[in-house]
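Residues in the sequence shown are numbered consecutively from 2, following this note's numbering.
Some hints could be false.
Subject to a maximum C-alpha distance of 20 angstroms in a straight line, what follows is the list of computed PhoX-like cross-link-like pairs (lysine-lysine) [said to hold, decoys possible]:
| no. | residue 1 | residue 2 |
| --- | --- | --- |
| 1 | Lys149 | Lys91 |
| 2 | Lys197 | Lys260 |
| 3 | Lys260 | Lys192 |
| 4 | Lys197 | Lys207 |
| 5 | Lys197 | Lys153 |
| 6 | Lys277 | Lys39 |
| 7 | Lys136 | Lys153 |
Simulated restraints on C-beta separations [what the hints assert, rightly or not]:
| no. | residue 1 | residue 2 | range |
| --- | --- | --- | --- |
| 8 | Ile261 | Val195 | 14 to 22 angstroms |
| 9 | Leu280 | Asn152 | 18 to 26 angstroms |
| 10 | Glu225 | Ile261 | 45 to 53 angstroms |
| 11 | Lys277 | Ile61 | 23 to 31 angstroms |
| 12 | Lys84 | Asn167 | 33 to 41 angstroms |
| 13 | Phe122 | Glu71 | 16 to 24 angstroms |
| 14 | Leu280 | Asn167 | 36 to 44 angstroms |
| 15 | His37 | Pro200 | 33 to 41 angstroms |
| 16 | Phe234 | Gly100 | 45 to 53 angstroms |
The hints are simulated quantities; they were obtained by calculation from the structure and are not laboratory data.
For clarity, every value in this text was computed on a predicted model and none was experimentally measured.
Heads up, the beta-carbon is just placed ideally off N, CA and C, and yes, glycines get one too.
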Amino acid sequence: MINFNGTIATEEQLISINNRGLAYGDALFETIKISHGKLLFWEDHYFRLMASMRIMRMEIPMNFTMEFLEEEIHKLLEAKLLKNQSSRVKLTVFRNEGGLYTPTTNDVSYIIDTKALSDDFYKINENHYEVDLFKDYYVAPSLLSTLKSNNKALNVVGSIYAKENNLNNCLLLNTNKHVVEALNGNVFLVKGNVIKTPPINDGCLKGVMRTQIISVVKSMPDYELLEDSISPFEIQKADEMFLTNVIVGIQPITKYRKKIFTNDVAALVLQKLIVKLRLS
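Working from the sequences, and respecting the hints, build out all of it.
Have a look at this one:
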């Protein structure tokens with residue numbers, strides 16, 4: 002079951018061949034983690050969605066308040082008997098049908114889907130996790146690259162490349178040959194007491210977990226947070242490297258080519274994040 006514009010429906014009742022998200026990628030989405038019925042970082046997700054809709058020149062409905070959309074998510078959780086469990090929610094907003102590249106309307110519709118998760122909260126995954134660069138295609142450093150839109154061809158092709166090469170993930174480069182992000186999350190590099198992450202203007206996703214990790218690191222007096230471009234050559238000299246997204250929290254990278262990483266700082270940052278969450 003899904004929530005389609007406020008109506009609980011089955012997936013089979015849903016998509017038209019003329020849906021603009023399907024036809025042109027004219028859609029945005031937010032992936033939200035639910036822990037025991039609580040939406041984690043909901044305010045950050047909501048304001049990122051609103052900002053993205055403005056960039057895409059979508060008409061924001063008057064009833065699209067934080068409270069309204071949260072209630073719509075809970076409506077689906079209740080219908081699927083996930084109200085008090087942990088789950089992954091995908092909220093998709095797409096421009097309504099009409100037109101070719103030029104739409105006939107800027108009005109929108111929304112779909113909410115959810116699936117149960119086995120992990121209630123965040124924890125460090127210490128299993129082998131190997132990455133390499135994906136160099137077939139590059140991210141263009143522009144405002145559109147920072148959006149969570151349906152235009153994810155690069156991520157799809159990169160994920161296939163990772164699977165074919167027995168990698169857990171790949172690092173994406175922008176057209177300036179700087180490391181921007183991973184296929185499914187933001188990147189942080191640790192060298193000594195400096196924790197570095199690419200800046201938004203390099204073209205990385207404006208990740209919700211990225212925002213949280215930056216805030217946590219800035220509160221740690223023993224470490225310095227730096228938003229600056231990352232050269233692939235820096236990876237070999239780093240002590241640690243980890244990825245972030247709202248579903249897994251922090252994923253330490255254990256291997257990049259011949260380089261083996263530790264995960265001490267990643268574990269410490271995650272511990273601080275969990276404390277922050279429990280106090281909120």
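Here is how each hint holds up against the structure:
Taken as a hint, the Lys149 and Lys91 pair is honoured in the structure, with Cα atoms around 11 angstroms apart against an allowance of 20 angstroms. Taken as a hint, the Lys197 and Lys260 pair is honoured in the structure, with Cα atoms around 18 angstroms apart against an allowance of 20 angstroms. Using a Cα cut-off of 20 angstroms, the hinted pair Lys260 and Lys192 holds, with the two alpha carbons roughly 14 angstroms apart. With a C-alpha separation of about 15 angstroms, the suggested pair Lys197 and Lys207 falls inside the 20 angstroms cut-off, and the hint holds.
Simply put, Lys197 and Lys153 have alpha-carbon atoms about 25 angstroms apart, too far for the 20 angstroms limit, and the pair is violated. Taking the CA atoms of Lys277 and Lys39, the gap is about 15 angstroms. The hint holds against a cut of 20 angstroms. About 16 angstroms separates the Cα atoms of Lys136 and Lys153, which keeps this hinted pair within 20 angstroms; it holds. Checked against the hint of 14 to 22 angstroms, the pair Ile261 and Val195 passes, with Cβ atoms roughly 20 angstroms apart.
Taking 18 to 26 angstroms as the suggested C-beta distance range, the pair Leu280 and Asn152 does not conform, at roughly 37 angstroms. One distance hint, 45 to 53 angstroms for the beta-carbon pair Glu225 and Ile261, is violated here, with the actual separation near 24 angstroms. Separated by about 30 angstroms at the C-beta atoms, Lys277 and Ile61 satisfy the suggested range of 23 to 31 angstroms. Between Lys84 and Asn167 the Cβ separation comes to about 39 angstroms, which falls inside the hinted range of 33 to 41 angstroms.
Taken as a hint, the range 16 to 24 angstroms holds for the pair Phe122 and Glu71, whose Cβ atoms sit roughly 20 angstroms apart. Between Leu280 and Asn167 the beta carbon distance is about 41 angstroms. The supplied range of 36 to 44 angstroms therefore holds. In this structure, His37 and Pro200 meet the distance hint of 33 to 41 angstroms, their C-beta atoms being roughly 35 angstroms apart. With their beta carbons about 46 angstroms apart, Phe234 and Gly100 fall inside the hinted range of 45 to 53 angstroms.
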